[in-house]
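Visitor: Residues per chain, in single letters:
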Amino acid sequence: MKIIAVCGMGIGTSVLLKMNAEKVLTQLGIDATVEATDMKTARESRTAQVILTTPDLAPLLVGLPSEIITIDHFFDLEEITKKLSASLL
Amino acid sequence: MSFPKLAEAFGENSIRVLAAALDREHAIELAGDLLVASGRVTPDYTTAMVEVLDTHGPYFVIAPGIALAHAKPSESVLATGLSLVTLAEPIVFGNEANDPVKLVFGLCAVDHDSHIQMLGELSTLLSNNESVNILLNAVDTEQIRSLF
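So the protein lines, in turn, are chains A and B.
Each residue of the first sequence is one higher than the last, beginning at 1 in my numbering.
Each residue of the second sequence is one higher than the last, beginning at 1 in my numbering.
Everything labelled a hint here was simulated from the structure, so no lab data went into it.
Be aware that a few hints might be false.
[What the hints assert, rightly or not] Below, in silico cross-link-like pairs of lysine to aspartate or glutamate (EDC-like), each with a Cα-Cα straight-line distance of 16 Å or less:
| # | chain 1 | residue 1 | chain 2 | residue 2 |
| --- | --- | --- | --- | --- |
| 1 | B | 72 | A | 76 |
| 2 | A | 23 | B | 121 |
| 3 | A | 23 | A | 76 |
| 4 | B | 102 | B | 23 |
Quick caveat, the model's predicted, so the values are computed rather than measured.
Start from the sequences and build out the full structure, keeping to the hints where you can.
Guide: Spelled out as structure tokens, the structure:
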């Protein structure tokens, strides 16, 4: 499964999101790759099953064939776990 | 715990405590000024950081009270680095879940991947409530540096 973590620039916010999502996916035993990417690349992407991003950026990604999951608190592994398991398990 | 990559990323003069910010743009400029002061970017980068807010909104407020302001790798970036300004009075950025902001980190990177380990250390630091409390309550920069 391919997941993309999306932020405006693809170097800061999305990288932090990717790291913590990977921790959670390992704990959940879900086999997935997570790529950090910027908004522009994400909009051109059609291959990700899930997009992880922030509530502010989510409206800009509507219309892509991926499920969008928004994360409020990037360091709250419980929030990430809850949202990823609701969607993927 | 020690964070060698963070110690390296926060150059001399890259941390300021209890600064007064007028608004969110000013708060970002303060973080950018520290990246300039520590020799990691030229002033153009600070302008680009504020433009990110205009273009994409306050999405980079990534946890309660914590913003990670940054722009793209560009020729304004001289070396990868971090800065931190703690605000005397919290500022509303317009991020519903995580407002108001008290800690503004500035991030600059020369490319898309050479700073990944450093962000890993930052993530570990900010996942620890005790460390975040030290950052929030610091009255001098040494208290912050002691965390690295």
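Visitor: Hint by hint, note whether the structure agrees.
Guide: Each hint, compared with the structure:
1. About 26 Å separates the Cα atoms of residue 72(B) and residue 76(A), which puts this hinted pair outside 16 Å; it is violated.
2. A threshold of 16 Å between alpha carbons decides the hint, and for residue 23(A) with residue 121(B) the separation of about 14 Å falls inside it, so the pair holds.
3. Among the hinted pairs, residue 23(A) with residue 76(A) is consistent with the structure: their alpha-carbon atoms are about 11 Å apart, no more than 16 Å.
4. A hinted pair counts as satisfied when its Cα atoms are at most 16 Å apart, and residue 102(B) with residue 23(B) qualifies at roughly 12 Å.
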